[in-house]
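Chain by chain, the residues:
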Amino acid sequence: MFQYDKYLRLEMFPHIWCAGCGCGIVMKSLIRAIDRLAIKNDDICMVSGIGCSSRLTGYVDVNTLHTTHGRPVAFATGVKMAKPSLHVIVITGDGDALAIGGNHFIHAARRNMDLTVLLFNNGIYGMTGGQLAPTTPTGKVASTARQGSIDPPFDACKLAVAAGATYVARGTSYHTQQLDRLIEGAIKHKGFALVEILENCNTYYGRPNKIGLLDLLQWEKNNTLNVKAAERMTPEQLEGKILTGLLHQSDRPEYVASYESLMARVQARAGAAD
Amino acid sequence: MFQYDKYLRLEMFPHIWCAGCGCGIVMKSLIRAIDRLAIKNDDICMVSGIGCSSRLTGYVDVNTLHTTHGRPVAFATGVKMAKPSLHVIVITGDGDALAIGGNHFIHAARRNMDLTVLLFNNGIYGMTGGQLAPTTPTGKVASTARQGSIDPPFDACKLAVAAGATYVARGTSYHTQQLDRLIEGAIKHKGFALVEILENCNTYYGRPNKIGLLDLLQWEKNNTLNVKAAERMTPEQLEGKILTGLLHQSDRPEYVASYESLMARVQARAGAAD
Amino acid sequence: MAKARTREEVLEIARDATKSYVSAAVTIEINDAWCKGCAICVEFCPKDVLRMTPLDKVEVVAIEACTKCLRCEQLCPDFAVVVHGEPGKSAS
Amino acid sequence: MAKARTREEVLEIARDATKSYVSAAVTIEINDAWCKGCAICVEFCPKDVLRMTPLDKVEVVAIEACTKCLRCEQLCPDFAVVVHGEPGKSAS
Amino acid sequence: MSVQTKTPVIKLLQGNEACAEAALVAGCRFFAGYPISPSSEIAEHLSVRMPQAGGRFIQMEDEIAAMGAIIGAAVTGAKVMTATSGPGYSLKQENIGYAAMAEIPCVIINVMRGGPSTGLPTMPAQADVMQARWGTHGDHPAVALTPASVRETYDETIRAFNIAERYRVPVTVLIDEIIAHMRERVVIPDLEEIALWERPRPHVPPDQYRAYEETPSGVPPMADFGSGYRYHVTGLYHDQRGLPNDTPEVVDALQRRLMRKIETAIPEIAKYEEVNLAIKEARIGIVAYGASARSAKAAIRMARHQGIGVGMLRPITLWPFPEAEVAALAHRMRHLIVVEMNLGQIALVVERIAKGACPVHRVNRVTGEPIPPEQILEQIEKLAKS
Amino acid sequence: MSVQTKTPVIKLLQGNEACAEAALVAGCRFFAGYPISPSSEIAEHLSVRMPQAGGRFIQMEDEIAAMGAIIGAAVTGAKVMTATSGPGYSLKQENIGYAAMAEIPCVIINVMRGGPSTGLPTMPAQADVMQARWGTHGDHPAVALTPASVRETYDETIRAFNIAERYRVPVTVLIDEIIAHMRERVVIPDLEEIALWERPRPHVPPDQYRAYEETPSGVPPMADFGSGYRYHVTGLYHDQRGLPNDTPEVVDALQRRLMRKIETAIPEIAKYEEVNLAIKEARIGIVAYGASARSAKAAIRMARHQGIGVGMLRPITLWPFPEAEVAALAHRMRHLIVVEMNLGQIALVVERIAKGACPVHRVNRVTGEPIPPEQILEQIEKLAKS
Amino acid sequence: MSYRTEIRLSGEGGQGIVLAGVILAEAAAIYDGKNATQTQVYGPESRGGASKAEVIISDEEIDYPKAIAVDVLLALTQAAADKYGQDLKSSGILIVDSSKVPSPPAGANKVYRLPILETAKELGRAMVANIVSLGAIVALSGVVSREAIEQAILARVPKGTEALNRRALEAGFDLAKG
Amino acid sequence: MSYRTEIRLSGEGGQGIVLAGVILAEAAAIYDGKNATQTQVYGPESRGGASKAEVIISDEEIDYPKAIAVDVLLALTQAAADKYGQDLKSSGILIVDSSKVPSPPAGANKVYRLPILETAKELGRAMVANIVSLGAIVALSGVVSREAIEQAILARVPKGTEALNRRALEAGFDLAKG
Ligand SMILES: Cc1ncc(C[n+]2csc(CCOP(=O)(O)OP(=O)(O)O)c2C)c(N)n1
Ligand SMILES: Cc1ncc(C[n+]2csc(CCOP(=O)(O)OP(=O)(O)O)c2C)c(N)n1
Ligand code: SF4
Ligand code: SF4
Ligand code: SF4
Ligand code: SF4
Ligand code: SF4
Ligand code: SF4
Ligand SMILES: [Mg+2]
Ligand SMILES: [Mg+2]
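Residue numbers (the numbering used here), protein chains in the order written: chain A, 1 to 274; chain B, 1001 to 1274; chain C, 2001 to 2092; chain D, 3001 to 3092; chain E, 4001 to 4386; chain F, 5001 to 5386; chain G, 6001 to 6178; chain H, 7001 to 7178.
If you're looking for bench data, these hints aren't it; they were derived computationally from the structure.
Please note that the accuracy of each hint is not assured.
Unchecked claim - With the Cβ distance kept under 10 Å, some of the chain A side facing chain C (calculated, not the full set): (1) G22; (2) M27; (3) S173; (4) K210; (5) L213; (6) L217; (7) V227.
Claimed, not checked - Listed next, the stretches of chain E that the computed footprint assigns to chain A, with coverage defined by at least 3 CB atoms under 8 Å from CB atoms of chain A: (8) 4034-4041; (9) 4059-4070; (10) 4331-4343.
Stated by the list, open to error - Straight-line C-alpha distance at most 20 Å; calculated EDC-like pairs for lysine to aspartate or glutamate: (11) E:K4271 - F:E5325; (12) H:K7083 - F:E5369; (13) G:K6083 - G:E6012; (14) D:K3003 - E:E4214; (15) C:K2003 - G:E6012; (16) A:K221 - C:E2008; (17) D:K3003 - F:E5369; (18) F:K5355 - F:E5325; (19) D:K3019 - B:D1005; (20) E:K4261 - E:E4214; (21) B:K1006 - D:E3029; (22) G:K6177 - G:D6082; (23) E:K4011 - G:E6150; (24) G:K6159 - G:D6174; (25) C:K2003 - A:E11; (26) E:K4355 - F:E5369; (27) B:K1241 - B:D1155; (28) G:K6110 - G:D6174.
Just so you know, even glycine gets a beta-carbon here, dropped at the ideal spot from N, CA and C.
I would like the entire structure built from these sequences, with the hints used as guidance.
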């Protein structure tokens, strides 16, 4: 039996998320991943922005920083640079990370800053009532796109790779065991690690689009494919499928390490001059 | 003999750019491209941010909007949406477009907004005195990186492609004739078109890095390769070379057109109901 | 917003609201105070061990079929299902 | 910042400062008022038609060699070189 | 579907809805926004109505972009609007300053919620009123309107466009969450009754046009981009042609003209309501705006039942502030009370204007709740006794 | 190389340099910035000095990110700073409000240039002083310091850290471009002479720690992230544990405590210089700050040559404003003159405080030039004659 | 303050409490020609949970738009009754669902325990509980006319559901008869 | 204002005008023990073009840090002379480069036309014109001591160029002798 309590601020329960919301499912996965890595609560800092998903930081008993909308990656950069011993995990929504926060996201990826970014992609702005997100599929309904969105969505993973991220993965709130492993890998990875998590928002994505809560999870189950499995498939079989799993991993200098070696260099030089 | 005067605000001359600055070279290329397309001055709107390159809008006799640092793409989005008949050309520096303005850049690309973005990439912040840009090559000196930058640079073209741009090209201030054609193609393209232009900044990139003004142009000449030519080359021959030319072109619905068909749909429906 | 509570108060409420279903191989606990009635656990239990009540809570109706696969526990967004026992080891 | 001028004033200054070098095939104009002495035109003229003066301005020293390739004109950032004549058609 | 209403129609409208509909009536045909409680209904409503009305709606990537987009649209000739709340209003400040400097007509709706920071995302406050005056760097003209009812939200939104256009200035409508979210009976005015002001446009041919000309009103005519008048728009100091210029005379002239054009327009921009000020024996004066003025009205009514005469001056145009009127009030009254859902912002302004002519008291509430009339009544009673 | 200086050293330092060096002396070990004239030398200097001093320097993608990064660093226990100018200061406002709400110690340098908007990027102004008070949405505490010399820039930067840390509040140092860019003889103070204040840290074990406890001073002890005290930091209203809470009592208590902790600290935060106020016969009082106060000093010297006695009160802590001192001055003087490189911002505050006790005159300049002493002298002469 | 009538409707998310408030206010404002305001509670966190709407109706201008002394209070759940059950005038009317609100707030003189939810279910759609409630409220309090409430309902409900809603309203009227 | 001495140095970008100002101010502040301030013009557009630095030296506190009545004015180009040639006291000293400034600003009583740039070139590096200028200024005006200016220069110039700069300073002193 898995013990979540150790990682929870029970005083905040029950949480504010709607019935069936994927945020709770993902939070559990995150906790299991941390537990497996046996990282102490004290050594973790979770930083979130504003949104339903970003409320997660209120529930976990680690060092938690609930920041402003779109800015958690910038705040997290400060945390990590100032105290590299902390495992810094960013909790962010698709609107938070990719709409208002898109710039911080790509720049942290460029720097290969040692952050674990968990991007809760529910395809919508949950907190504010179901407005269009930069991930809402074209044609889907949102409260600011009642006739169906004309906006094309971002592929967050592709963007992260192009920006320079060195660990890029995608999971879903349905595939909890896979998600455990992807998050675990992301935390272990030294450098900018993204796990994009497709998660179900019943209230503001499902309902306006006439998709039931359970169907949202079924959709995740039926429309995704593990990238490993996909390797052995034909284009026809892959048609319309979203790939999950570890999509990209590479090796580049991590930013804090680069800074620290600069510091060492500079100080050695100064020492020599003294 | 080519007549630039028709496109210039001569009352602003001589311009403020340093001796040998690439901005002037690129401005001429842009003017020639417009001239070849025979677009009327009145039908062009150029929108720039803040930076040396962004001062360009003061010199051209079209509708010009010199905005705030990093925001020209956002302003241009408003111009284009409100008056689609205008050819909207964004003049932006590497700092302007990719540092503070990175988010607007990727979102306009995502929407495939019909803008021509000319990104003046001099690898540095010119206007403010040579600070690190998100394009400064790692190891190069800047006034906020005197021991050499530890930051990895963006590849603007790769980022644009990942974000959804449908015309992505790279030119240099040295290869003026190629640049003419790339800009011409970008203006003609319906959708988000990027031309990244490697340009020489003597004062704040060259001087601190001990590269002479003329050597900067020689560098452009010697270290770039047309993508067409590159196709026939071996990896060894390509080593260390930067590809120029039209790097990516694709076909997706353009945003204003999508909006207008939504408008037509909605109005038809309303008409039917009346 | 719900009234601010202490950890102890919340634990007590949760304990009071938790129903335990016990078999030789497995114990399943359902915390009615936190369960929001989403029915995810019911839907995705491969063995139809669970069922929604008319009051939109969950009850265990076939504990002997439980394989301890933990789908219900892992998918419950509200930390309202707990399955005790070695995962994967079926009771039968 | 330089004093605000009208288009006419600027044109007049430019005209006054412009030197014309004429051959049968080509006319090269150099506007000393705008030229900032960067030497780009001199460096990249494939025919060594141009030269820097001690005062860091440009003079034409071999107009007959000019192929009207327009490199100088296109690369001058300051609109200070103008080459008249059909490009590419050599004077010789 | 058209945006026209022929005969007065009665509706139950939400404040945010009224704002959105009024924008269309005022001629707004471009909206760019970014969702934020409690303003989102404005964007949601316009996302449906704009395409119907032949206008353009776009949800941008953030508030800064939304502000930039409306400025871009405005230079093409469109009447433009954005809507937000505190955090977004803070983000927009840089570009609001740009609009002030470049004299771009635009309307910004700020539905005020509890601050600072994320604060109380869905609860009312009136604590952005000083920010509406001083939020962006540098001296700049500021116009802000504060409706106190749904109908007034409708009217003030239209007036915001009128002022923005006629004076080429960004205008903020400060709606508190109470007014924005309440539904109220509204008699939709007849379209013909509504005066619409347009921005001054050039009457000279393009070659004589100077985009930032020094005119008697202080407002230079503004040509639409793409209409044949080509000019330069910049946030740098610029000469009358719009071209960058930092010589002291040019800078001084522009900075002062920007302020002067609004100062001299005060007679046309000013708007306030007087409540019970006709009552001669009133010795207590209230200054209140927005929903707080409704609480104050209730308190005045209650006070009247007790025989205490209380008058109120309710600024509807909050900036420029009705200085002369409040000064007169301070001289006439024995006490002034400023009622606000903040810790006393406009109270500071009233204090300055009162110049010690009478004491300035405060009734404030910062709990995320509207001010109960009783709280005001209590203060009135205390002062009446003293 | 260390940041220590053993014996007083004399240097010719630029204002921006002095600011950067002082930050190191104050214990600043984290700087995040984004270049902007005329503040960039601060970042440039620290990009070299931070790694030498064992601190961290990072150039972020924009000003918003820089502000976010310093807040993030601050919660780990570091003393932090960012530096910017008008446009960047506008952009930082949302996160400055966050720091105020979440009580994060941090120092923001705003080197003031001409606004509004891009304005005059390299020329001096003092037009962000009201923004420093009201720039972010919602009621919030504000502390701002205004040095008038290079040495004072050094001292005030250190004091900014001291105040930020002791009171857990963002502190802005408003340096005008003149002071920031001038070089001046500076006697570097002996390190031992410099008092450094640290943020209050918890003395209780983690399980008893309440991060936002109501303490007598109003300042709750702050634990470093990663030190074993786990807690929640949020920009939402929160209870004493730091957990989100929007009940009226909790909201009211937090909002008022945030203001109260600064109000009660005024005796420790206040700082001003009195010039010639000892002179009994002075009947004209000047209020001026930053470089304008230097112009005023020159004018006072000139006036003295003419036998006109003029005194000056120079706020060094601009916010909270020295209200009692200015009130006393207004009662003592026949005239007050407020001298500013803006169109009269602090003049409004002085007017409010003067309560009509004496007329408040203004000397302003908004041309991008420092105020010539003659301009002030003229006003003095006029008033002396009247 | 007898010229103003204050109605507070409460229940839980999904019961259509806010819509009922809007309809009631529209009945007063549009069809009865009175002044009316409607307000509700917004919470970032009202994802489910208790829900409240207030309607003020008056012949005169309505200044303060929130309820101070409630004339009619509806509570469809115990949680709502507990949270929003205060402020009822001594002369006020309290209406609670008989199955879901075992202990109505104290202090009311006129308490009606009506099987609102059950009635709605019997009509075939639990969703119409709000309309049933409106019927009961109007019949018991006369805050708006029957014609007004009927018109307001028909103007708001989706096409095709008119008959159902009319039945629900009638059922509410009937409940009030006792 | 005789207790304060105002020096204005002007020329064009690249001539080291600002550095000369800094050195002069350091000579006064660090080596002569006086108060000194140094200011300069910043322009986003001063990419080349005229350049100016001002130094105020005083035994007392320096209030206003910009020049009002200039005691010593140096102009190395005509453009600089035209732009910054005002404000010289009647008793002030005007020093111009004899080759580059054909028409020095009017109104000065003491005008020195010195071949500063030529001298620098003769020393082998045009770059040291600023140091030559400092020599001339100090010799003609005594605003700082010779020891101070020498120390200040040596503390500032790159290692390896000390001898050259010392020669440049001497050459400046010599120019002043006439
Ligand atoms: C500066 C600012 N702009 C807007 C908002 C309003 N806002 C809060 S959360 C949110 C979007 C939430 O969407 P997402 O990030 O996808 O999170 P979700 O709620 O879907 O988990 C918005 C727009 C805000 N709080 N601050
Ligand atoms: C909000 C804001 N931040 C910073 C600045 C200062 N600034 C002006 S231009 C610039 C960068 C210029 O670099 P780039 O965009 O590469 O243009 P370049 O000058 O190199 O052509 C910066 C940081 C500003 N004007 N506004
Ligand atoms: S609105 Fe969506 S994302 Fe937010 S709590 Fe509800 S289900 Fe979850
Ligand atoms: S600083 Fe660089 S980019 Fe700017 S004008 Fe000079 S050479 Fe060009
Ligand atoms: S553990 Fe598996 S089998 Fe057992 S109840 Fe849960 S989902 Fe069903
Ligand atoms: S998944 Fe959890 S919350 Fe949902 S019904 Fe089951 S126990 Fe209840
Ligand atoms: S046209 Fe070509 S050949 Fe002629 S001068 Fe120019 S660069 Fe030389
Ligand atoms: S390229 Fe132009 S500016 Fe440069 S030297 Fe030649 S003519 Fe002069
Ligand atoms: Mg989302
Ligand atoms: Mg650049």
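Hints versus structure:
no., hint, verdict
1, G22, "holds, 7 Å"
2, M27, "holds, 8 Å"
3, S173, "holds, 8 Å"
4, K210, "violated, 18 Å"
5, L213, "holds, 6 Å"
6, L217, "holds, 7 Å"
7, V227, "violated, 22 Å"
8, 4034-4041, "holds (count 5)"
9, 4059-4070, "holds (count 4)"
10, 4331-4343, "violated (count 0)"
11, E:K4271 - F:E5325, "violated, 36 Å"
12, H:K7083 - F:E5369, "holds, 16 Å"
13, G:K6083 - G:E6012, "holds, 11 Å"
14, D:K3003 - E:E4214, "holds, 19 Å"
15, C:K2003 - G:E6012, "holds, 17 Å"
16, A:K221 - C:E2008, "violated, 38 Å"
17, D:K3003 - F:E5369, "holds, 17 Å"
18, F:K5355 - F:E5325, "holds, 13 Å"
19, D:K3019 - B:D1005, "holds, 18 Å"
20, E:K4261 - E:E4214, "holds, 10 Å"
21, B:K1006 - D:E3029, "holds, 18 Å"
22, G:K6177 - G:D6082, "violated, 26 Å"
23, E:K4011 - G:E6150, "holds, 16 Å"
24, G:K6159 - G:D6174, "violated, 24 Å"
25, C:K2003 - A:E11, "holds, 10 Å"
26, E:K4355 - F:E5369, "violated, 32 Å"
27, B:K1241 - B:D1155, "holds, 13 Å"
28, G:K6110 - G:D6174, "holds, 18 Å"
Going through the hint list in order, the structure does not satisfy hints 4, 7, 10, 11, 16, 22, 24, 26.
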